[in-house]
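Visitor: Place chain B on chain A using the hints.
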Amino acid sequence: MNEDTSTAILDDYKYGFFTEIEADSAPKGLNEDIIRFISAKKKEPEWMLEWRLKAYRWWLKKSEPTWPHLKYPKIDYQNICYFSAPKTNVANPGELDPEIASTFERLGVPLHERDRLAGVAVDAVFDSVSVITTHREMLKEKGIIFCSISEAIQEYPDLVKKYLGTVVPYTDNYFASLNSAVFTDGSFCYIPKGVRCPVELSTYFRINALDTGQFERTLIVAEDSAYVSYLEGCTAPMRKQSQLHAAVVELVALDNAEIKYATVQNWYAGDKEGNGGIYNFVTKRGHCRGARSKISWTQVEAGAAITWKYPGVILEGDGSVGEFYSVAVTTNKMQADTGTKMIHIGNNTKSTIVSKGISAGESVNSYRGLVQVLPGARNARNHSNCDSMLIGTKCSANTFPYIESENESSVIEHEATTSRVSEDQIFYLKSRGLDEEDAISMIVNGFAREVFKQLPLEFSVEAVRLLEMKLEGSIG
Amino acid sequence: MSNEQPYFEIRNLHAEIEGQPILKGVNLVIQQGETHAMMGPNGSGKSTLSNVIMGHPSYDVTGGEIFFQGRNLLEMETEERARLGLFLAFQYPVAIPGVSVAKFLKSAFDAVHAEKKTKSSEFLKMLRDNLAYLEVDDSFVNRALNDGFSGGEKKRMEILQMLTLQPKFAVMDETDSGLDIDALRVVSQGVNKLRSPSFSLLVITHYERILRYIHPDHIHILIDGQIVHTGGPELVKELEEKGYDWIREKFGQEVLAS
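Protein sequences, first through last, are from chains A and B.
Everything in the first sequence is counted per the numbering used here, starting at 3 for the first residue and increasing by one.
Everything in the second sequence is counted per the numbering used here, starting at 2 for the first residue and increasing by one.
Same shape as in the complex, but just chain A (with noise of 0.2 Å):
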């Protein structure tokens, strides 16, 4: 391939614009005082505030981890603003701002009753709150309980103190501990016994407000035999300024239960230079809890300047499946590091790991990955599957599995390919007429087909749209 096939540029980010709205923010930095404030905001009963204050004093004792094999500045904790709600304008408060719902419109989210998608409830999230969240009357009926995680902690606080921080406790990670100290708002998803949730539920997070950080915090618990698949979307404006994004999800699934949750991840990746763009340093897990339950993630990593992440699944029910499908692009001077931690504690678990790492332009992939077999577990089985294509000549992957395991019994198969898009296969792509574009798409999306092919319909065919976006340009 030619020098100038692997300059990426990418600055027609579509979801890049900012929505001029009054916000009742919080001043910069970060103290007790800030934790307090968020927690009177959200008018949260003195538990949730006493868990918030142990993990920041937890936070305060620890540092940023430095093992990733990622570059960036120092973030400073005090020149972040930990909570923006934007004013609304309208007299009731179950109503919807017009000048939100126009944002969330122009992201292809549609929140009015009449455009809403069929067979999708959405939970709305602007900066540090919860907007709307829909089809909640039809999902109360079958007693399901999709709303904002501020109000669950309000009006469902048994169910969310029962669970929340056992997945991911606030000792869990420097980014966890500050995420439990500050997290806003997210969904809370609860599906009681033996009911399949009949749509699929869906988060969009929005950061809009500048030097914000968006903590969101979202929990999901899929009682014995329930069933529910999730998805998540976010995007944020173009600023030159990076913007920090540090999320926990909790995943709980009890006996057959089953949790399937999707992610497609379109932050501000920054500009061609690496100026800008979100640092996405997240924390996901899910929790077999029960027997022969079953828990998959599926990401779309196609934004952000900085990603670190590892959804991961704790196998602890006997029977108990774990999966995790990935799809990560980078392009200009993005980085990820990303990968997943599948850990067998019962019985006859399985886990399954498909990462499809795509980089192009001079950005670094990543693929990190854990699989650990306990002691007590027997007959654990792993397969996993780590490609990574190349794109150009200045771009790099790297690919870091950790195995360990503990009993004999255990059979794991790990299998890596990293690949170069050829001169060759876009010769013979271009010759049957298509230019270089289409050929570099259409070799990509080949690639990552496996993993597309476990999301949601609309989701893959947007998914795909993305993809051929990111790429757009990295090409000539």
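I should point out that these hints are in silico values taken from the structure, not numbers from a laboratory.
Some hints here could point you the wrong way.
Cross-link-like lysine to aspartate or glutamate pairs, in silico, EDC-like; alpha carbons within 20 Å at most [to be verified]: (1) B:118 x A:437; (2) B:155 x A:460; (3) B:104 x A:437; (4) B:104 x A:460.
Pulled a few chain A residues facing chain B out of the computed Cβ check, cut under 10 Å [unchecked claim]: (5) 429; (6) 431; (7) 449.
Quick list of simulated restraints, FRET-style, between CB atoms [what the hints assert, rightly or not]: (8) A:107 x B:138: 42 to 50 Å; (9) A:467 x B:216: 32 to 40 Å; (10) B:19 x A:400: 25 to 33 Å; (11) B:30 x A:426: 25 to 33 Å; (12) A:26 x B:121: 49 to 57 Å; (13) B:42 x A:395: 33 to 41 Å; (14) B:96 x A:20: 38 to 46 Å; (15) B:96 x A:108: 36 to 44 Å; (16) A:243 x B:129: 55 to 63 Å; (17) B:169 x A:243: 50 to 58 Å; (18) A:20 x B:169: 31 to 39 Å; (19) B:138 x A:277: 53 to 61 Å; (20) B:21 x A:19: 50 to 58 Å; (21) B:129 x A:20: 50 to 58 Å.
From the three backbone atoms N, C-alpha and C, an ideal C-beta is built for every residue, glycine too.
Guide: Leaving out everything else, chain B in the frame of chain A:
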């Protein structure tokens, strides 16, 4: 197309790869509707010629011109050449994992026949007819392009693409190598289906075997990057009997001397 200019013409073409000269002044004229064969021993420049006609970036053209319907191909991108109606059946087709034959062919068809706006249903029907003609199972179209295909399957795939994309001028680069007699018959059958007064073909081959199925109007012998001899169908027999040494003895020395 003007009357004076041939349908397809190569003028004094010189090309090299990694600084190594391969083609050293190739001249060739192919009129509309004609089938030509280009024969020559290994290393004579046959594959270079086909790659240069299609515009492979690894080859540097150091002199000469290639015209198709009055347009200078050397000034065009590979995909523009394809959209003009050029086709190359590859000697070693590459695999594109995860992309189905059907999806690939529909995209390619839409790219070269953008004006036709063919519906998927019509396209699939045409594709099935072509599959049947090439004695290939329908399930073929759901497989990933050339991924795990046998040598014979890859060659059939090339001919399937040629039948489907309906080029005006095709170059077949050693499509016959490595094919058993049945596959050769089927491949030839596919090629013959395309032959018409508006379709021109250049068959590049090492062996005379395929020429028993595809009867060329003209045969050229390429040695050391130059066409040293051109003749009619009778040349096939002569080559069969005497091999390339005869050609080399008769024409090679003076070529090398010049």
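Visitor: If a hint holds in the structure, say so; if it doesn't, say that too.
Guide: Status of each hint after checking the structure:
Simply put, residue 118 of chain B and residue 437 of chain A have alpha-carbon atoms about 18 Å apart, close enough for the 20 Å limit, and the pair holds. In summary, the hint linking residue 155 of chain B to residue 460 of chain A is not supported, as the alpha carbons are separated by about 34 Å, beyond the 20 Å threshold. Taking the CA atoms of residue 104 of chain B and residue 437 of chain A, the gap is about 16 Å. The hint holds against a cut of 20 Å. Taking the CA atoms of residue 104 of chain B and residue 460 of chain A, the gap is about 19 Å. The hint holds against a cut of 20 Å.
At a threshold of 10 Å, the smallest CB-CB gap from residue 429 of chain A to chain B is about 5 Å, leaving the interface hint in force. Using the Cβ-Cβ criterion of 10 Å, the hint placing residue 431 of chain A at the interface with chain B is satisfied: the shortest such distance is roughly 7 Å. Taking 10 Å as the C-beta contact cut-off toward chain B, the hint placing residue 449 of chain A at the interface holds, the least distance being around 6 Å. The given range of 42 to 50 Å is respected by residue 107 of chain A and residue 138 of chain B, whose C-beta atoms sit roughly 48 Å from each other.
The hinted window of 32 to 40 Å between residue 467 of chain A and residue 216 of chain B is violated, with their beta carbons roughly 49 Å apart. Take residue 19 of chain B and residue 400 of chain A: their Cβ atoms lie about 31 Å apart, and the range 25 to 33 Å holds. With their beta carbons about 30 Å apart, residue 30 of chain B and residue 426 of chain A fall inside the hinted range of 25 to 33 Å. Between residue 26 of chain A and residue 121 of chain B the CB atoms are about 52 Å apart, so this pair conforms to the stated range of 49 to 57 Å.
Between residue 42 of chain B and residue 395 of chain A the C-beta distance comes to about 36 Å, which sits within the given range of 33 to 41 Å. Taking the beta carbon of each, residue 96 of chain B and residue 20 of chain A are about 45 Å apart, inside 38 to 46 Å as hinted. The given range of 36 to 44 Å is respected by residue 96 of chain B and residue 108 of chain A, whose C-beta atoms sit roughly 41 Å from each other. Between residue 243 of chain A and residue 129 of chain B the C-beta distance comes to about 57 Å, which sits within the given range of 55 to 63 Å.
For residue 169 of chain B paired with residue 243 of chain A, a C-beta distance near 56 Å keeps the hint of 50 to 58 Å intact. At about 52 Å, the CB distance of residue 20 of chain A to residue 169 of chain B disagrees with the hint of 31 to 39 Å. The given range of 53 to 61 Å is respected by residue 138 of chain B and residue 277 of chain A, whose C-beta atoms sit roughly 54 Å from each other. At roughly 54 Å, the beta-carbon separation of residue 21 of chain B and residue 19 of chain A lies within the given 50 to 58 Å, and the hint holds.
Between residue 129 of chain B and residue 20 of chain A the beta carbon distance is about 52 Å. The supplied range of 50 to 58 Å therefore holds.
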